[in-house]
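Starting from the known structure of chain A, arrange chain B on it as the hints suggest.
Chains as they are written, first to last, in this note's numbering: chain A, 1 to 117; chain B, 1001 to 1291.
Everything labelled a hint here was simulated from the structure, so no lab data went into it. Virtual Cβ for every residue (Gly too), placed ideally from N, Cα, C. Please note that a few of the clues may not be correct.
As the list claims (entries may be wrong) - Example chain B residues on the side facing chain A (calculated, C-beta under 10 Å, incomplete): (1) K1019; (2) F1037; (3) T1063; (4) V1077; (5) L1110; (6) Y1112; (7) A1180; (8) A1181; (9) P1185.
What the hints assert, rightly or not - Computed cross-link-like contacts, BS3-like style, restricted to lysine-lysine with a CA-CA straight-line distance of at most 30 Å: (10) K58/A <-> K1145/B; (11) K1140/B <-> K1124/B; (12) K1140/B <-> K58/A; (13) K1206/B <-> K58/A.
Here is what each chain is made of, one letter per residue.
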Amino acid sequence: MDESHHDMVAVDPHAAPDEHGAHNVAKHVRKYLFIGAVLVTFTAITVWLSYVDFGTQKANVLVAMAVATFKAGLVAAIFMHLSNEKKLIYRILVFTAFFVLGLFFLTYLAWYDPVVR
Amino acid sequence: MEIPYTVTARPDTGLWNAKVGIWLFLASEVMLFGGLFSAYVFLRLDAAPGDWPHGLLNVPVGTMNTAVLIASSVTVVLAWAALKMRQFTRYRIYMAITILCGVIFLVVKLAYEWPDKFKHFGVKIREDRLEKYEEYLGNKHASEKGLAPRRDISGHLHNQEALQDANVHEYEVQLDQINAAPTDPQSDRPHFWPLPRSEKIAHIEKEDVELATMFLPKHNTFFATYFTITGLHGAHVLGGVLVFCYMMLPASTRIYRRNPEHLANRVEVAGLFWHFVDLVWIFVFPLFYLL
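So that you can see chain A by itself, here it is in the shape it has in the complex (with noise of 0.2 Å):
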């Protein structure tokens, strides 16, 4: 635990405080691992699911983005901290997926004929 002795570099102990606390880093350590297996697990479930036949391609790319937007959400809340984060980011961010979401409700415009459908 008291690794820090042996290692070759000094540290000012009065530096600025730790915010997270080394002891609650360390608790997070293997929430760290498991969610790294859990990404690795559910890469190999993605790979199987994309040869499991849905019926249409269609069905198939909606599963498989199904799957990437869980992993790419576990990416975010636990590696990118934002389960727990600072109202400002969340700020910034509902921007972003305005912007996202607006860009891709173009593409579906360009796509879908009202007349026909």
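Below, chain B alone, put in the same frame as chain A:
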């Protein structure tokens, strides 16, 4: 001049500055990749039936590279955690593994996956000559099953000089399995392990061909989008690796010695970028390799 709020939080935002900075940057990155993915959707929806190729990429290699990138995401967050716990040696080990993973990813991409495509040859047969190459295309079989006609023949080009020399009138192609036995459902189905190339050789006359290139971006829309998006993604991986290398230099050790939280925050910010690059790959992998 000392840059303010690199360690302590700014009172009004409640955050140290670099954290706000990286998230604003990542927001712009979302739009950059979002635009390209949007283009991908456009092009793919607009592709004529049967015109979007499947199974051209090496799935086991792509899966392995995905796992490598995920592993590096874990090690970079462990490197940050080690700094938080003031375990500097451990931090350097995790950082070295992260760099190694990034390098493996790039080497696989640039020294194997891309060159493998650059060495692969394909032609698109003119619509009025499809009949002549029926034994390689199997379109009678395809139309019975209600599928769009196949026009692509691919494999290894034996006479490379045919690409430049106008006096050479035909391409000599050692066929891919799908053209060697086009009606065999075995060669049609997407495969996890790529099928070995057949021994069968086809002679394709230049005048019967609409397009003849190696598997380059100009070969078809699939490869154009594939090289663009994986190229931009690869550039991001390279950028991340360079930043991580800087964090292994003596300059970073000095920062740690002065204030370990400062280095921890730098690693956190670089890590956020790295996780984003991982996140983009999570979508790239199924879209190009699997679907």
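Cross-check of the supplied hints:
Restraint check, K1019/B versus chain A: the minimum CB separation of about 7 Å is within 10 Å; hint holds. Annotation: F1037/B was flagged as interfacial toward chain A, and the flag holds, the nearest CB pair being 8 Å apart, inside 10 Å. With 10 Å as the threshold, the beta carbon of T1063/B comes within range of chain A, its nearest partner Cβ sitting at about 6 Å, so the hint holds. For V1077/B, the shortest C-beta to C-beta distance to chain A is roughly 5 Å, which falls under 10 Å, so the interface hint holds.
Because the smallest distance between the Cβ of L1110/B and any Cβ of chain A comes to about 22 Å, over 10 Å, the interface hint for this residue is violated. This hint is violated: Y1112/B has a C-beta 19 Å from the nearest C-beta of chain A, more than the 10 Å allowed. Nearest Cβ of chain A to the Cβ of A1180/B: about 22 Å, over the 10 Å cut. The hint is violated. Because the closest C-beta pair between A1181/B and chain A is about 20 Å apart, greater than 10 Å, the hint is violated.
Look at P1185/B: its Cβ only gets to about 13 Å from chain A, farther than 10 Å, so that hint breaks. This hinted pair checks out: K58/A and K1145/B have alpha carbons roughly 19 Å apart, not beyond 30 Å. The suggested pairing of K1140/B with K1124/B holds, with an alpha-carbon distance near 18 Å, which does not exceed 30 Å. Between the alpha carbons of K1140/B and K58/A the distance comes to roughly 26 Å, so the proposed pair stays at or under 30 Å and holds.
Taking the CA atoms of K1206/B and K58/A, the gap is about 37 Å. The hint is violated against a cut of 30 Å.
Of the hints listed earlier, those the structure fails to meet are numbers 5, 6, 7, 8, 9 and 13, in rising order.
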